[in-house]
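Put chain B on the given structure of chain A with help from the hints.
2 protein chains.
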Amino acid sequence: MAQKPSTPKGMRDFLPHEVARRSYLIQTIKNQFEKFGFLPIETPAMERREVLFGKYGDEGDRLVFKVLNSGEKVKKADLDAFSEGQLSRFSNSISEKALRYDLTVPLARFVAQHQNDIQFPFKRYQVQSVWRADRPQHGRFQEFTQCDADVIGSDSRLVELEFVQLFDAVFTDLGLKGCTLRVNHRKILSLLAHQSGAEDRVASFLIILDKLDKIGWDGVIKSLKEEGFTTTLVEKLRASESTSMAPSQKIDVLADLIDPDGTSVAAFDEMRFLFSNFSLASLKVDFDWTLARGLDYYTGTIFEMAPPEQVKIGTIAAGGRYDDLTSAFGLSDMSGIGVSFGLDRLYLVLEELQLFPKHLAAPIDLMVVQFDQEIITQLMPLLHRLRSSGVKIIVYPNPTRLKKQFHYADKLGIPNVLVVGSEEFEKGQGVLKNMLTGNQKTISLEALDASFFQ
Amino acid sequence: MAQKPSTPKGMRDFLPHEVARRSYLIQTIKNQFEKFGFLPIETPAMERREVLFGKYGDEGDRLVFKVLNSGEKVKKADLDAFSEGQLSRFSNSISEKALRYDLTVPLARFVAQHQNDIQFPFKRYQVQSVWRADRPQHGRFQEFTQCDADVIGSDSRLVELEFVQLFDAVFTDLGLKGCTLRVNHRKILSLLAHQSGAEDRVASFLIILDKLDKIGWDGVIKSLKEEGFTTTLVEKLRASESTSMAPSQKIDVLADLIDPDGTSVAAFDEMRFLFSNFSLASLKVDFDWTLARGLDYYTGTIFEMAPPEQVKIGTIAAGGRYDDLTSAFGLSDMSGIGVSFGLDRLYLVLEELQLFPKHLAAPIDLMVVQFDQEIITQLMPLLHRLRSSGVKIIVYPNPTRLKKQFHYADKLGIPNVLVVGSEEFEKGQGVLKNMLTGNQKTISLEALDASFFQ
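Quick mapping for you: the protein sequence lines, in order, are chains A and B.
Count along the first sequence starting at 1, add 2, and that's the number in the numbering used here.
Count along the second sequence starting at 1, add 2, and that's the number in the numbering used here.
Same shape as in the complex, but just chain A (with noise of 0.2 Å):
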C-alpha cells in the first residue's frame, strides 16, 4: 500500500529556488558574521537532557522535542508516574537526550566544555537548525533556522554597540530597510518589577508584561493586578510615553520614575552610552521599557528586531546580554552577549517585499541534448574539460524526442543547449543553442570552452 507522502506538520522541504535564496541568505549574514571577528563552530542536533532543561523557562521546556531512547532502554519506563498523569517524569524515564531549542544553550555547553581549547573573549557564530513543538502559523515552524553570533567573557559595553552595528549591516547588505530594533534592559525591566512589589516574582512580572502585544494595556493593568502587584509605576510610565521622544529622554524619564535614588545607574549608563554611539544607514533602533523577551536566562540588555511595519510576521532577530549561563556548566565569570537572525522569518520578509536578487547564479550553464548513447560516450573528454574550466553541465539521460529534452532545458531555466547529432559528430563540431534569444549556431567542439558560457 502506497503511503500519502508528506512531511511532519510544521516541518518543510526546500526545492532548489528555495535552497538558493536560503543561501543568499545565510551567505550574507556568515559574510557580516566574518566581518565582526566571529568565527564559525558547530554543535550536534541532541544534547543530554539536563543540558536544556531549566534554562528556557517552564513554557520553553515543555516545546523541547525528546528523542525516545533505543532498543532495550525503553524498558526503564517510569509506570508510576505514568499512572499518576506525571506525564513529564514519564516522558524523562525513557528519553535520556532532546532536539536543541536554541543555539544559546548548546553554546554555554560547548564553551565550558572546550574553555581550554578556545581563546576569551570568544567570539562565534552558528549557523544551524534547531526544534521547538509549537504550534505551527505562518512565520513559525517546528524546525527553522538560526544564524547566531555570540561573544562570550566581556562585559564590555563595546560589545552591544557592535552588535547593532552589525544588525544594520546585515540589513543594508539585504537591501532591508524599515526595521525597527527595540532594546530594553533586563535589570531596569526588574527594578520596575521590584518597584511593583514583585519581589521574588519577577518572571510572574515580566510573563505578563511579554504578553502587552497580544492583550494590550487594559489586559495587561488587569492581570498585574489580579496577580496582587501594584500598577501606579506602570501607569505613570505608560502616561509618560510619547512616540516623539528620543531615546535617551525616555531613558531619563524613566530613571526619574523608577529609580529617584539612582541605586541602579549602571544599567541606566549602559543605555546612555548605546544611544549615543551607533551611527545606521537602514535600521531605527528604540529604547522601549516594555520590552521583557521570553527567554530565562537574559540578564543585561535585550534586543528585539520587528520587520517593517507592512510585513506581518513576529520578530525576525534577537538577542541579549545573559551574565551567567556557562557557570550552569561549571565556569562562572564568563558574561555572554548574542543575537539571532532568523532565517525562515527573514526569508518571508524578503520575499514579500521582493528583495531576492533576481538572478542568484545560474545553476545550469550548458544542457547537452542526447541523439545517441554512443556520441555522449564520445564527447565526455569534452565534458571533462568544459566542467573542470567550472562549466556546469548536465546531459539528458535518456535519449527521447528532441522537443521534450528542450522543454526540459527550458522548465530547468538552462540558458544554453548543445546538440551534437552524428553528421556533425563527424566533423566535430555541434550546434550551439541559445535558449534565451533563440540563436542557435554551429560550432568547432574543439574551440568549445568556458568563455562561451560567460
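Rather than coming from a laboratory, the hints here were simulated on the basis of the structure.
Be aware that one or more of the hints could be misleading.
No distinction is drawn between identical chains; accordingly, a pair holds when it is met within one copy or between any pair of copies.
[Said to hold, decoys possible] Derived lysine-lysine pairs resembling DSS-like cross-links, with alpha carbons at most 30 Å apart: (1) Lys32 with Lys360; (2) Lys75 with Lys11; (3) Lys77 with Lys6; (4) Lys75 with Lys216; (5) Lys32 with Lys406; (6) Lys216 with Lys189; (7) Lys78 with Lys6; (8) Lys413 with Lys435; (9) Lys224 with Lys213.
Chain B only, in chain A's frame:
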C-alpha cells in the same frame, strides 16, 4: 549544582578550525555536484515514522532514532505492549516522528510529494546530517553528514557512468589518490542467490555475503551451509578469482558460471558498458561480485568506495540504483540511482594523509587593540569603511593589558594588529603591526584600506 558539560555519546562539537575544514570538503563536493548538473534540495530532520520504517532492513530500522510525542500525546502509551515485552510496539505508540537515517528515503518521499513541481529526470544534491543509534567507534558516529547526489526518473546506464566520473572528479579536486571503487549489480547477486537455492530468501543470502570482510571466506561458507544454501557455485567463483584479471574478464567468467543460459544478460551488459567507457584520473574501479551493500532498497548497480589502503577506516562513499523506492509513496516507474559521500570519514582520511590545504582563508584579517573605549567609538566610521570593503576585523572588547591583547591575536592567528593610542589618534595615525614578520609601521588612518590586508 554545575553539570558536567558533555555532548551525547557518538555526537561531536566542531571547533572553528574543524568547521573551516568541513566547509572546504563540502564546498569541493558541492562544486562537482553542480558541475554535473545536480540542483540542491533540503528536507526536514524529522520524517513521519512510517516514511522511514521498512525501507532499510531490520538492522537499519533498529538504528532509527524515534522522537517522543510531546506533552499529552504520550498518554497513548501502549502499556500492554510494554508488559508483553513488545518494546518496538510500545515505542511506536508514543512516537509519531523519527530522525532521518539517510537522505535517500526522504528523497523518495520528496519526489512523490512534489512530483508536479519538479522536472524529470530529477537530478538533486543534498548535504545534511543523518542520525543512527549505532555503536560509536573510530569513523562511526551517531550524527554525521552525508553529501548525496541522485538521479530520479532515468534508467539510462549513462547515469552510472557519470557517477563514476563524478567520484573521480571529487577525489581529484581533493588530491586524494588511491581510493578504490568496487562495483557490483544486485541482479547478478540475486541470480547467484537463486542458483544457490535461496529462492525467496535472497536477503538472508546477501546478509551472509555482506559479512565477508568480518568473518572471511571460511565463515561465509559455513554460515551459508548452516542456513541451508548450496555453496558449490560460491566456491567455484572464489576459485576462479584472480587479482590479475581485468574487470571485463571477471564479468565474463561470472556470466559463464552463474548465467550460462543468458537469462540475466542485461545486468551483465550494464556492467560491461560501465567498465569499457570511463577514463579516470584518481580512482581505481573494480568489479567485485562479493559486494552486497546492506540497504534493502537497492535493485541494480551498487557502488562502494574504500579509502587508500594505508588508512584504516570503512567505506567513504557508496551508492546504487533503486528501481522502485518512490512507489512506496505512490509514484511508480521511477528508477533512481544515487551516491553518498560520507563527510566525516572523508575528513578523517584527509587529516590522516595531511591533504587539507594549509591555509583555508584567514578567518580574521585585523585586530584593533583597545586602550580606551572612547577612541574605539571614534574609530567606528573607519572600521565600517574597512568592513564594507571586505576586511574582517575584531575589536578587542576590553581595555586590558597590551600583552594579553597581543597574545590573543597571536593565538587566533590574526595577521595584523592596529594600535591607536590617544596621541596617535590626535594626529589621525595608528601603528599597524604585521604579526607574522613582526614589522610595524605608523600609518595614516585615512589612507588605511583593504589593500593593506591582501
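Practice problem: Using 30 Å as the alpha carbon limit, work out where Lys75 and Lys11 are close: within a copy, between copies, both or neither. | Solution: both (28 Å within a copy, 15 Å between copies)
Exercise. Please work out whether the CA atoms of Lys77 and Lys6 approach to 30 Å or closer within one copy, between two copies, in both situations, or in neither?
Key: Classified as between: cross-chain Cα gap 26 Å, same-chain 32 Å, threshold 30 Å.
Quiz item: Are the CA atoms of Lys413 and Lys435 at most 30 Å apart within a copy, between copies, both, or neither?
Solution: This pair counts as within: shortest intra-copy Cα distance 15 Å, inter-copy 55 Å.
Exercise. State whether the alpha carbon distance between Lys78 and Lys6 is at most 30 Å within one copy, between copies, both, or neither.
Key: between (34 Å within a copy, 23 Å between copies)
Quiz item: Between copies, within a copy, both or neither: which fits Lys32 and Lys360 at Cα up to 30 Å?
Solution: both (21 Å within a copy, 22 Å between copies)
Exercise. With 30 Å as the alpha-carbon cut-off, assign the pair Lys32 and Lys406 to within, between, both or neither.
Key: Only across copies: Lys32 and Lys406 sit 28 Å apart there, 41 Å inside one copy, limit 30 Å.
Quiz item: Is it within, between, both or neither when you check Lys75 against Lys216 at 30 Å Cα-Cα?
Solution: So Lys75 and Lys216 pass the 30 Å test across copies only (28 Å; inside, 43 Å).
Quiz item: Between copies, within a copy, both or neither: which fits Lys216 and Lys189 at Cα up to 30 Å?
Solution: within (24 Å within a copy, 63 Å between copies)
Quiz item: When no copy is specified for Lys224 and Lys213, does a C-alpha distance of 30 Å or less occur within a copy, between copies, both, or neither?
Solution: For Lys224 and Lys213, the Cα distance is within 30 Å only inside one copy (12 Å; across copies 71 Å).
Checked against the numbered hints given earlier, this structure breaks none of them.
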